[in-house]
Structures are given as C-alpha cells and as structure tokens.
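K.L.:
So the sequences go chain by chain: L and S.
The working numbering puts the first residue of the first sequence at 7, with every later residue one more than the last.
The working numbering puts the first residue of the second sequence at 7, with every later residue one more than the last.
One copy or two, either will do: identical chains are not told apart, so a pair holds if it fits within one copy or between any two.
Below, a list of computed lysine to aspartate or glutamate pairs in the DMTMM-like style, where the Cα atoms sit at most 20 Å apart:
(1) LYS157 x ASP196
(2) LYS154 x GLU204
(3) LYS255 x ASP216
Hint data in this document are derived by calculation from the structure and do not stem from the laboratory.
There are 2 protein chains.
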Amino acid sequence: MRIVCLGSGNVAWHLSAAFKQSGSEIVQVWSRDLRHAEELALAVHADPIDNLDLLDKTADLFLIAVKDDAIPAVALYLKNLNGLVVHTSGATSIQALAGLNQYGVLYPLQTFSKQAYLDLTYCPMCLEANSDAAYTVLEKATSAIGKKIYKIDSEQREVLHVAAVFAANFSNQLYHLANTILQSRGLSFDLLRPLILEAATKVQSGLPFDVQTGPAVRNDQLTMERHLNTLQGNPELQNIYETISDSIKKTHL
Amino acid sequence: MRIVCLGSGNVAWHLSAAFKQSGSEIVQVWSRDLRHAEELALAVHADPIDNLDLLDKTADLFLIAVKDDAIPAVALYLKNLNGLVVHTSGATSIQALAGLNQYGVLYPLQTFSKQAYLDLTYCPMCLEANSDAAYTVLEKATSAIGKKIYKIDSEQREVLHVAAVFAANFSNQLYHLANTILQSRGLSFDLLRPLILEAATKVQSGLPFDVQTGPAVRNDQLTMERHLNTLQGNPELQNIYETISDSIKKTHL
Chain L
7 MRIVCLGSGN VAWHLSAAFK QSGSEIVQVW SRDLRHAEEL ALAVHADPID
57 NLDLLDKTAD LFLIAVKDDA IPAVALYLKN LNGLVVHTSG ATSIQALAGL
107 NQYGVLYPLQ TFSKQAYLDL TYCPMCLEAN SDAAYTVLEK ATSAIGKKIY
157 KIDSEQREVL HVAAVFAANF SNQLYHLANT ILQSRGLSFD LLRPLILEAA
207 TKVQSGLPFD VQTGPAVRND QLTMERHLNT LQGNPELQNI YETISDSIKK
257 THL
Chain S
7 MRIVCLGSGN VAWHLSAAFK QSGSEIVQVW SRDLRHAEEL ALAVHADPID
57 NLDLLDKTAD LFLIAVKDDA IPAVALYLKN LNGLVVHTSG ATSIQALAGL
107 NQYGVLYPLQ TFSKQAYLDL TYCPMCLEAN SDAAYTVLEK ATSAIGKKIY
157 KIDSEQREVL HVAAVFAANF SNQLYHLANT ILQSRGLSFD LLRPLILEAA
207 TKVQSGLPFD VQTGPAVRND QLTMERHLNT LQGNPELQNI YETISDSIKK
257 THL
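Please model the complete structure; the sequences and the hints are all you need to start from.
P.N.:
In structure tokens, the structure reads:
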C-alpha cells in the first residue's frame with residue numbers, strides 16, 4: 007500500500023512507523039513546517055513536503071494526523087481522489103471529511119509520545135468509514151498494524167474520547183499532583199512508580215470498581231481528615247482530594 | 007527468623023507469604039476472626055489463633071497488619087517482648103507503638119489485593135524504628151523480601167500516604183468513571199485498558215509533568231466544551247472534568 011502521511015506529530019510518527027514496518031510504502035510526509043516533515047520522512051524513507059499542492063494524489067491511503075482544528079483545511083486538498091482518506095482524531099466527527107469520495111476515521115486509542123517506542127499490535131483501532139466499501143479497505147489496511155479492531159461511530163468515539171481523557175490525561179495529572187506532594191518534603195517520585203504501575207495492571211483483568219482501595223472506599227473519616235490536614239495551605243489539592251473521595255464514597259455506597 | 011503475623015488482610019497475606027518464601031518461619035497468624043486466621047495460617051504453615059493471650063512472645067518479629075485504628079489495641083499485648091514489633095500502616099505514626107521495647111514501621115508502598123500475586127522485590131519498603139539498633143534489625147529483616155528500602159520517618163510517611171492516595175486510589179476512581187462513561191453507550195472497558203497501562207508505563211521513566219497529553223494541556227477550549235457537553239446530565243462528572251482540567255491548565259501555564 008502507498009501511503010501519504012499528513013502531519014508530523016506523535017500520532018503521525020507512530021502510525022507511519024507501524025505502516026512502514028508492516029511493509030507499506032510511505033510516499034510522502036507533509037507538514038506545514040518542512041523541518042518537521044523532513045524529520046519523520048527521514049525515519050520512514052518518504053519524501054518530505056510542506057506544500058499541499060504537491061500531494062501525490064495516486065496514493066491508496068491518506069492519513070490525516072494533524073491538530074483537530076486543522077483537519078477541514080487539509081481535507082480541502084484531498085477532494086477527487088480515488089484513495090481512502092482517514093483522520094486519526096478521537097475528538098472529530100467523520101463529517102469533517104464530508105465531500106470527499108472515500109473517507110473514514112482510524113483512531114488509535116493510545117497515548118503517544120515521540121520518545122517512547124510503542125507496539126501498536128494490541129492498541130485498540132477504532133474505525134469508521136463513509137461506506138461499506140471504504141470500511142472494508144480501512145479494516146484491511148489497519149489489520150496490517152493492529153489486532154484489536156473496533157467499529158466505532160462518531161457519536162461513540164466522542165464518548166470514548168471523553169472516557170480516555172478521564173482514564174489517561176486525568177490520571178497522569180493525579181500522578182503529577184502526587185509528585186508535587188512528595189517534592190514538598192524532598193521525597194522521590196520513585197517511591198510511587200511501582201504503585202502506579204500496579205494500580206494500572208490490576209485493571210487489565212479486573213474492573214476498577216472491584217479493586218478500589220484506600221480511605222474513601224472504607225469510609226475511613228479519620229484518615230481522610232488527617233489527609234486534608236496534611237494538605238493544609240493547598241486549597242487546590244484539598245478540593246481535588248474531597249471531590250474524588252466523595253465520588254469514591256458515592257460509588258461504593 | 008521467627009515471625010508472628012497479626013492480621014489477615016491483604017497486607018498480612020502478601021508480607022507473610024514473602025517472608026515465608028524468603029526462608030523465615032511464620033509461627034502464628036492472629037486474627038479476631040479465627041476462620042480468617044486459619045486461611046492465611048494454612049497458606050504459610052503457621053498456627054492460627056484468635057486470642058492475643060496465646061501469642062508466642064519468643065518470636066523475633068511481630069508484624070501488625072490490622073486496620074489502622076486497631077493498632078493501639080493490638081500493641082497493648084506486645085509489651086515486654088524482646089522481639090521487634092512493627093506496624094505496616096502508611097497512615098499511622100510510629101508513636102502508636104510507644105511503650106514497647108523495640109518497635110518500628112514496615113510500610114510496603116503498594117496496592118494489594120488478595121487475588122493478585124505480587125512480587126515485593128521492587129516494592130518500596132518504607133522503614134522507621136525507635137532506635138538505631140531496632141532499625142538495623144528491621145532493615146536486615148526487610149532486605150530478605152525487598153531490594154528497595156527507604157528510611158522514612160512518620161511525618162514523611164504521612165505525606166507519602168496522601169500522595170499514594172492521589173496516585174493510586176484516585177486514579178483508579180478515574181478508571182471507574184471512565185468505565186461508567188463507556189457503559190452508558192455500551193462500549194467495553196477493553197477499549198481503555200491498553201491506554202491505562204501505557205499512561206502508567208510512561209511515568210516509570212519519565213515524569214508526569216513531561217508526558218501530559220490531552221485537551222487541557224493544549225488549552226483546547228473547543229474540545230473541552232464539547233466534552234462537557236457530552237457529559238451533560240451528569241453534574242458530578244462535569245465537575246470532576248472541570249476541576250482536573252483546571253489543575254492541568256494551571257500546572258502547564
């Protein structure tokens with residue numbers, strides 16, 4: 007398969023690399039910033055471009071992995087193609103590509119950083135397309151890089167994206183807040199790393215409801231009051247402590 | 007080493023099993039509920055008791071792994087011993103054992119469930135003792151089951167425990183809330199499991215501040231407004247969404 011990658015961010019890097027590794031050819035990498043295009047193009051042996059008029063319109067698959075609000079502008083250059091055009095955004099409706107011939111969504115539900123190598127084999131691939139024919143093409147293409155394929159429409163994907171923000175972005179912020187609490191006493195984040203990993207590991211087979219621990223689920227008022235006291239002088243942390251503890255208590259009432 | 011285990015909950019199970027496996031002898035398991043004592047005693051080849059007057063006072067180490075508020079009452083039975091008495095609570099001062107001869111704290115900083123086997127080798131072991139001599143004994147005993155030993159006093163441990171609640175209990179609640187969001191549209195929690203694991207894996211080497219992703223850190227107002235809209239009808243989730251998003255925005259200002 008001949009693929010054009012539009013974008014040079016984390017998702018563009020990981021998808022391009024996975025497709026390249028699976029035997030596809032990445033023919034072009036486009037970015038507004040030529041240096042960014044060049045960096046990724048070098049890694050996947052593609053031609054870098056920063057001008058959408060230079061797009062190779064004969065490619066089979068056009069992967070749009072740009073910032074959400076830039077998708078419609080990029081899509082304008084992808085009309086009247088025979089290839090399949092997909093965006094990769096969890097937060098964007100398939101309708102952002104309306105007006106093209108064959109289009110869809112390939113949303114890899116994962117948190118990507120350029121630094122970290124990531125095997126996409128078991129990353130959920132959430133697919134949607136504007137026709138059964140387009141879906142078949144998309145499913146076949148995606149199966150080259152991932153084993154976990156889900157058919158998810160735009161409305162479901164919106165909900166899924168919100169859930170992903172809770173599960174990953176918000177958890178990460180809690181890790182960060184925990185680290186600030188440690189730093190205030192000169193303690194190392196290393197103390198929490200095994201705990202964080204085990205908490206995430208426990209829900210790989212179990213459900214979070216079933217594995218909850220800590221003072222809130224036991225409704226241990228004394229400990230919660232002492233914790234709030236420890237957080238004195240930091241109303242933001244106290245507020246988050248109370249908000250999430252209340253949520254846990256309500257969940258396990 | 008000859009060890010008496012007081013308690014039969016998750017921490018009691020994991021520590022007893024680890025000590026047993028390292029070659030120590032668990033001589034007794036005490037629990038208020040004899041059946042619980044029997045269950046654990048069977049697993050570690052110990053004698054089960056439910057009467058503290060029957061304690062083997064010649065043991066070298068007395069592990070108190072009971073509910074926090076029961077520690078002082080159990081400690082009353084451990085006076086005038088030559089052995090080392092430690093509690094295992096993250097939320098309890100060493101002073102809960104004041105009046106004993108040799109005492110301290112062995113706080114394994116991890117989230118324990120009875121179901122899940124857990125290798126304690128790399129679990130942070132947070133130690134404190136009432137004298138240098140007692141600390142030396144405690145450190146030597148602990149090194150048989152864990153390689154990550156930290157000297158943490160009661161004040162630091164209090165802070166550490168709050169941080170652990172943020173990092174593990176609160177994260178787990180976010181996983182749960184994410185699951186309720188998915189369930190509302192018939193979507194499987196499987197969709198989020200790889201994401202959750204990767205988010206925790208990323209902070210094993212990096213710092214959470216450096217790996218944050220999502221709409222809040224990008225200050226992507228449009229997406230955040232749409233997310234709040236998706237959560238319409240659920241003011242609790244909307245409140246948590248706004249609270250944590252504000253915290254992320256403030257952190258990355």
